[in-house]
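Protein chains in written order, with the working numbering: chain P, 1 to 712; chain W, 1001 to 1712.
In short, the hints are calculated from the structure, not lab data.
Possibly wrong hints are sitting among the right ones.
[As the list claims (entries may be wrong)] Lysine to any residue pairs mimicking SDA-like chemistry, simulated, CA-CA at most 20 Å apart:
1) W:1037 / P:399
2) P:58 / P:71
3) P:654 / W:1627
4) P:52 / W:1043
5) P:26 / W:1062
6) P:26 / W:1393
7) P:116 / W:1345
8) P:41 / P:25
9) P:272 / P:608
10) W:1058 / P:58
11) P:344 / W:1027
12) W:1052 / P:401
13) W:1052 / W:1062
14) W:1058 / P:401
15) P:344 / W:1043
16) P:332 / W:1108
17) W:1026 / P:359
18) W:1344 / P:114
19) W:1344 / P:27
20) P:26 / W:1345
21) P:569 / W:1027
22) W:1236 / W:1473
23) W:1037 / P:402
[Claimed, not checked] Now the stretches of chain P that chain W is said to cover, found in silico as 3 or more residues with beta-carbon under 8 Å:
24) 96 to 107
25) 164 to 171
26) 272 to 286
27) 393 to 407
28) 425 to 438
29) 567 to 581
Model, not experiment: these values are computed from the prediction.
Just so it is clear, CB atoms sit at the ideal spot from N, CA and C, and this is done for glycine as well.
2 protein chains.
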Amino acid sequence: MTENPLNALMNPRSIATVGAGNNPTKMGTIQALSIIKDGFKGKFYPVHPQDKTVLGHKAYPSVLDLPEAPDLAVFIVPTEMVLGLMEDFGKIGTRRAVVITAGFRETGAEGLALEKELKEITRRYGIRFLGPNCIGLVNTAIPLNLTVMPLMGPPGLLGMASQSGTYITQTLGLLRRRGIRFSKAISLGNEADIGINEALAYLGEDNETRAIALYIEGLQDPARFLEIARRITPHKPIVAQYVGGTAAGARAGSSHTGAMAGPDHLYDGLFKQAGIIRVYSVEDLYGLGWALATQPPLKGKRIGVITNSGGPGTAMSDTCNAGGLEVPVFSKELQQQIRPLIPKQGAYRNPVDLTFFLSAEAIGLTIPELVMKSGEVDGIVLHGAMGTGFMEELYIHTGEFLGISCEQFVEFAREDLTPALSLPGKYDLPFLVSSFLDENDDFNRGYREYNVPVYDSPEKTARAMNTLWEYRQIQQRAPAENSPLPPADEAAAALIAAAVEQGASILDEYSSKRVLACYGIPVSDEGMARTAGEAVEQARRIGYPVVLKGCSSEIAHKTGRGLIHLQIKDDEAAVRAFEAIQEAAGEALPVLVAQMVRGDRELVAGALRQPGFGPCVMFGLGGIFTEALRDTVFRMAPLDRVVALEMLESIRTKELLGEFRGMPAADRAALAAILQKTGNLLLLHPQIQEIDLNPIILAGSRPVVVDALITV
Amino acid sequence: MTENPLNALMNPRSIATVGAGNNPTKMGTIQALSIIKDGFKGKFYPVHPQDKTVLGHKAYPSVLDLPEAPDLAVFIVPTEMVLGLMEDFGKIGTRRAVVITAGFRETGAEGLALEKELKEITRRYGIRFLGPNCIGLVNTAIPLNLTVMPLMGPPGLLGMASQSGTYITQTLGLLRRRGIRFSKAISLGNEADIGINEALAYLGEDNETRAIALYIEGLQDPARFLEIARRITPHKPIVAQYVGGTAAGARAGSSHTGAMAGPDHLYDGLFKQAGIIRVYSVEDLYGLGWALATQPPLKGKRIGVITNSGGPGTAMSDTCNAGGLEVPVFSKELQQQIRPLIPKQGAYRNPVDLTFFLSAEAIGLTIPELVMKSGEVDGIVLHGAMGTGFMEELYIHTGEFLGISCEQFVEFAREDLTPALSLPGKYDLPFLVSSFLDENDDFNRGYREYNVPVYDSPEKTARAMNTLWEYRQIQQRAPAENSPLPPADEAAAALIAAAVEQGASILDEYSSKRVLACYGIPVSDEGMARTAGEAVEQARRIGYPVVLKGCSSEIAHKTGRGLIHLQIKDDEAAVRAFEAIQEAAGEALPVLVAQMVRGDRELVAGALRQPGFGPCVMFGLGGIFTEALRDTVFRMAPLDRVVALEMLESIRTKELLGEFRGMPAADRAALAAILQKTGNLLLLHPQIQEIDLNPIILAGSRPVVVDALITV
């Protein structure tokens, strides 16, 4: 495996900037200031054509004048200067760069040409770079901040790679207020060189990163992304937000990074396949990511709910329940321990409701500790620990009567929260907090310092716990069972080649199913007939009842044209049906005589190539409800057995696959094999564009492909 | 109509407190302080057994010593004192009270008895009250604040009624930071007297309330709630959060107000029927409620997206699209106007992306005004207007080089935002803002003063716009077509009475369908047969093919016992089937001979009485998928025609009801009539517990009830 270029790029010992000067209202200068002010300990070499010093550091008139080849070159110059300067850095031996400068691919054809030239130069020198059109990076371990906003604060545990620079820049203040801290953050820009896949692999390997957050507007290589992500998710959680699936979203996205968006349902399937937790807002990307980064595993479903008010307690309980978690009634013993600690009108069975009882010790220490050490819960959600923020609110009205200043009052009423704040870390259980107070409250500030996430609503707190549970399921997934692709079947290849040679865009139903059968996909017993006599012969061989269908590669949609005759029960009916088909077709038409497969449960499967996405497999509910229900799921081919089995459980109507209304459970192994093989077909036969198995009927437990169409 | 008791209760000219003293760390005192400090302009009479003054106001040793009967009595005393004091207030002539004191129904049997006594006393004196176990009320118009937290700020436009006191108390600071301001807020407590229905009616009538937010853990009278809400929603939006539908949630809820929770799907149906927008978090209750309270109607789908960064622009566009809104490409003309105002790498087609271009005027005034006055959009979402909050962030690093203080820098860089802030109010379009800065930023603070909602994420901003669209649909609902209940049918009543007299818990299929037919519900043509000869006779009358089913009130589930024979095509088969049924039953069993109704689309409907909820009608997808899909919706009976038609469009698989795979569209009027009549049946015949129509087959477009069961 080649070394990830980000290893060096994220950890430079020396940095040169081009474009930073001494005017602190210019973006380039502000970015250089972030390097200096946020504590970068390595060497800093500003290049400046006129000024002798930049921000108090000795400046160099040109790249070629630098005293050494810096580990990292940072470009904040106008677009037209990038190429020449990159050439200079190449010459002196710099091998990593961050190109913040915009004006490339995202601006149109001219910019695209420029970007190609840039890649040409960097390739020549072996330079690996982030951008162009990115906002920089953050590495809190060195610490290094290349963005325009101040970072500050201690290192964190959340690694981020973002296709929008905003989400590692404009949000830094917001994240600081919420106590969410990056380990590393990478703005990807146009991904002309280093892309999201390398960023993901890097964060996956990074020991300081405990969870990864991805903001995605489009993937250049989804297959590689899947491979990398799937290796990471069993031991490190990944959350991702994908936007851009709609036309306006794509327009907005392409306007700033030129990333290519794809259909939402494919991304959805890709994330599930990779074990990535999908979120639908940047707030959740950070907030749920932070819970995953900071909290120990949620080992079971049992949640203890502690609150100072019924409303938030109810909301947290309900939301946990909706996520598959339980809020079990405490044992009598635990109830008896809690009861004396709370007011009479409080609740102690779980949820514990202290009502508006203002003991920081009871809500923050005594009660949570009792619950945590009881062994009766696997995680805690807590609302209503209120400290100085609440006192300040109280002082607004009471101040006049207290006769002391607000500071004095707060100081007087303040309790030592250290025992409470350090409690969560003492037990190996997730502990999540809800508070309506802001970051000035000492409880909230303290929890955040102790890496206990604090959310501004009970529902978000509970949803974060649900996310920990979701990740637990991902961790416990069966390991991938990758088996090598089988060799391409020669008979199948011949059938496909024949169709292509004839200039057909599809294989007729019979040929389609023969191709499937070559790979062991179960299809209905059937044969072709060119005369009524042959039809009877086939029918007898198969056994009545049979179905007769007019069959040619020119006829894709047979129903409604009199070309399908079901429930043929004897020779006479077979002859009649054969003749009726000839008449309806108005020409001699070969007829497919097929076994009449019986079963009330119909499924669909298929495979397709999506531009920019690669071969995907589809599975869903079939029959007349297919269109109305749109209950289909997608995964990328090849499918390993585990993923194929997971697909079966991913449809909303999965209940149909179990024992159902007196019908036996579906043979899931056989269904999974059909999905795997359907995906493999696309990989083995590049001429195949699309495969459509519709319906697959469950004959008892056994799936049989009853109709199929291969598009070449 | 009787006068709403809240008219007087919310607007007292004089208030007496019992339980407030001079210790500003006691809750009772703090609540009295809220009256005084938040600016109540009427008379304030503290009752105190010892102190001569309370919080600087003359105190009275007992209620009987008060100089006049106060308009409102506020109880903050220990539980055991409430009854006696209420008696005293009754004697002196006070007719409105707020009982904040807890310890009643919510604590168990003893408390419940106490609550009954309290109601007895208040009834005797004609006193109407809020609580007990509530947290008070807020009326920003007087202004009056009875809660323990400071209110401050100008009056707002959002009216709130809450079954959790927390949501009008603990959140006041949070709401202040977010710029969300109540018109009125009512904590309902145990609802021993005044309940949520009166609160809702009051807020519906209140001119200062532009939108209503409800926090609900259970309804005592859902039918009345529906009636009131449905009258309000065409002209004033209502948002509601319902929690407590799960076991733990209900436990948490009952522990604090004793409200009765009910199945979530019934509440969901009730809200839809009433035109109430349901939300799933308290954050949305406030945040979306505030957009509804402050913004003009969203008259069309076209949204203009303005941003200083691609990520938020993409997220807002995508989220708007997901909610059914459009982000149309601007006309060439408008594009040409915008283009010179933004940097080269920006976007101007919609979304408008200024990139990181820091002109408050461009993003806050010039560009939005161009877009608003173009007539090309119906609403605006904006991200990235940054003022002093951003400057303060910038100063962190640049301060040293600027050589001025942060205050000086901010003052120097500050722009006059008034033209930008007053812009949204000049056009009759919704205008919603997203910002990652906090409430200290002058843009955010200013927008909030101008009633422009500011959200802390792009997705929330877009979701708020989607909610305005959702409300627009509600406003445009057809008006209710209430028709009086028809008289009870005598033949139907006789059939039901006969079953009840026989001690049967169900009506057999034949009788069930005869009851339905009495009301004109279309059922399959059928007749009873007690001999094989009668079976043949019925079959001939109906016309083959027919179905034969063993039929008695003791047999509810017929399949699997050999009691159903489908597709009977001639006399001989009818005789065979009749005999087979007798054999399978092992006794003489009457047989129902019914028309074989053909159709691929099966639906279900029904009606049931839910304890504490009243008669409800169910409609959904039928057939073998019923259980797997659970695609059912509920509404309360009686259904008017509009609601019955809406029910049809509320199932996920509603596409099946249109023209579908060569089948004609369902006769929606006939289906709606079935639903209305099914609901009426429960209202007309109190003995009926449940009606189950499963399946209803669409024979072409015509719905026919093929199997039915009435439980008595």
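Hint numbers not upheld by this structure, sorted from lowest to highest: 4, 5, 8, 10, 15, 21 and 29
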